[in-house]
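Note that the protein sequences, when read in sequence, are chains A and B.
Following this note's numbering, the numbering of the first sequence begins with 40 at its first residue and continues without gaps.
Following this note's numbering, the numbering of the second sequence begins with 90 at its first residue and continues without gaps.
Hints are computed from structural coordinates only; laboratory data are not their basis.
We treat Cβ as the ideally placed atom computed from N, Cα and C, and that holds for glycine.
Where hints are given, some of them may not hold.
As the list claims (entries may be wrong) - Computed, partial: chain A to chain B, Cβ under 10 Å:
hint : residue
1    : ALA41
2    : VAL93
3    : CYS98
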Amino acid sequence: MAVTFTLNGQQRRYSGDPRTSLMDALRCDFRLTGTKDVCGEGFCGACLVHIDGVPKVSCLLPIGAVEGADVTTIEGVGDLGTLNPVQQAFEDFDVVQCGMCFPGMVMTLSHFLQDNPRPSRDEVKSALVGNICRCTGYERIIDAVMSLHNSAEGRK
Amino acid sequence: MDSANTDALFLRPTDIKAALVAMDGGAVPVAGGTWVMRASLRGDSNDQAFVSLSQIDALHEVAEGEDFLRIGALVTHDHLADFARNLPELGALTQAAGMSANPAIRRTATIGGNICARGFTAADLVPALLALNATVEVHSSSRQDTTPIAEYLQARTQRRAAGLLTTISVPRKRGHSAHARALLRKAGEYPIANISAFIDMDANNTIKTVRIAVGAVEAMPKRWHSLEKALLGQPFSADAADMARDLLDDFTPRDSVDAPDWYRLRVLPGLVRQAFASITDQSREDA
Numbered sequence: 040m041a042v043t044f045t046l047n048g049q050q051r052r053y054s055g056d057p058r059t060s061l062m063d064a065l066r067c068d069f070r071l072t073g074t075k076d077v078c079g080e081g082f083c084g085a086c087l088v089h090i091d092g093v094p095k096v097s098c099l100l101p102i103g104a105v106e107g108a109d110v111t112t113i114e115g116v117g118d119l120g121t122l123n124p125v126q127q128a129f130e131d132f133d134v135v136q137c138g139m140c141f142p143g144m145v146m147t148l149s150h151f152l153q154d155n156p157r158p159s160r161d162e163v164k165s166a167l168v169g170n171i172c173r174c175t176g177y178e179r180i181i182d183a184v185m186s187l188h189n190s191a192e193g194r195k
Numbered sequence: 090m091d092s093a094n095t096d097a098l099f100l101r102p103t104d105i106k107a108a109l110v111a112m113d114g115g116a117v118p119v120a121g122g123t124w125v126m127r128a129s130l131r132g133d134s135n136d137q138a139f140v141s142l143s144q145i146d147a148l149h150e151v152a153e154g155e156d157f158l159r160i161g162a163l164v165t166h167d168h169l170a171d172f173a174r175n176l177p178e179l180g181a182l183t184q185a186a187g188m189s190a191n192p193a194i195r196r197t198a199t200i201g202g203n204i205c206a207r208g209f210t211a212a213d214l215v216p217a218l219l220a221l222n223a224t225v226e227v228h229s230s231s232r233q234d235t236t237p238i239a240e241y242l243q244a245r246t247q248r249r250a251a252g253l254l255t256t257i258s259v260p261r262k263r264g265h266s267a268h269a270r271a272l273l274r275k276a277g278e279y280p281i282a283n284i285s286a287f288i289d290m291d292a293n294n295t296i297k298t299v300r301i302a303v304g305a306v307e308a309m310p311k312r313w314h315s316l317e318k319a320l321l322g323q324p325f326s327a328d329a330a331d332m333a334r335d336l337l338d339d340f341t342p343r344d345s346v347d348a349p350d351w352y353r354l355r356v357l358p359g360l361v362r363q364a365f366a367s368i369t370d371q372s373r374e375d376a
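Next up, chain A with everything else stripped away, as it sits in the complex:
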């Protein structure tokens, strides 16, 4: 059974073992290494991708389950010329340290901000419960997220 799905806007086909995790297929077969392989248990959030627009852990999802789905990885949320707003805020606030957790954080926060464009700091913290940063730069990450709301206010 070949698995066909949309990956970052393009139709793709996977002909390997459909029980393989989506994360392994993305990294090893499609060479999209922005999706990080860290805990392998669904708890660190480093492997988050959007499946039909919703963040899910790719390490615990067999690729056979994404047949017909729309998959977006960190490589698909922006481009080098136009970063996604969360990516831009992270760069502006110089929050990236080792970088392992940040793709997952961008995937979580991009989705979260669509539904909650004016979050409180506590709401941002709750949204990030499943994204662990071992460099522990959390407060600056939240500053960056809050700046998105502040800059949107400033543009009004």
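Given chain A, work out where chain B should sit, using these hints.
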């Protein structure tokens, strides 16, 4: 690997009958996948074929009846928390579904998987379902059975349970319920102990029905019958946590890397207090 070889490794039936045929052939049922996909980390075999249940529409449905909430086995924690939010008597279910693990896992992990994951000791939904007196519907190739969840769990432990769990029915009885859990972090992980409580009181605030279930302390969640007996007929204002402290002998706690056995017991009275405080809040909102 050519596609002819991979066809048999990942089956996607669209009805229960075809799923049962695949399971009879040795395929492992996969709901959200969050337990099955970690088999190798547990040292379990993961070379069997998968039968994905996600294409079976009926398993994704939640139906609110006057007397029961019927929940398809593939309903996710996230969906359940959202759906049950306006059903106050099912507070334990809403809280357990809404606090379990982390947001991304809650969007994927299912209620059926939570019940059926053999060896998973820290389920949040299972104690809630025990406290709410849920029943489960199980299909096999020759029959369809409805069983109290406690009996189903026992049968699974003894590897007597066969078939596919398809639906969970939760009675909508007068009363209030709550769920409390102890974590090592503030949020985002499995509990080292959890409690679900259902209480119904008469007009004088005397407890006339009480069910309390404890999870993550032993290998399998179970009812705390001695505490229920002690609380029955007592005023709701009685200090349930004090009573709980004297009745910890009901448990033989697990000792594992995340928490020692004694600690799992130590936190139980505090969890009883939290669950009762949540029920108090709900009662005030009703008044």
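Now for the hints, and whether the structure bears them out:
At its closest, the beta carbon of A:ALA41 sits 5 Å from a beta carbon of chain B; the interface hint therefore holds under the 10 Å criterion. The restraint placing A:VAL93 at the interface with chain B holds, with a minimum CB-CB distance near 6 Å, inside the 10 Å limit. Checking A:CYS98 against chain B by beta carbon gives a least distance of about 7 Å; that is within 10 Å, so the hint holds.
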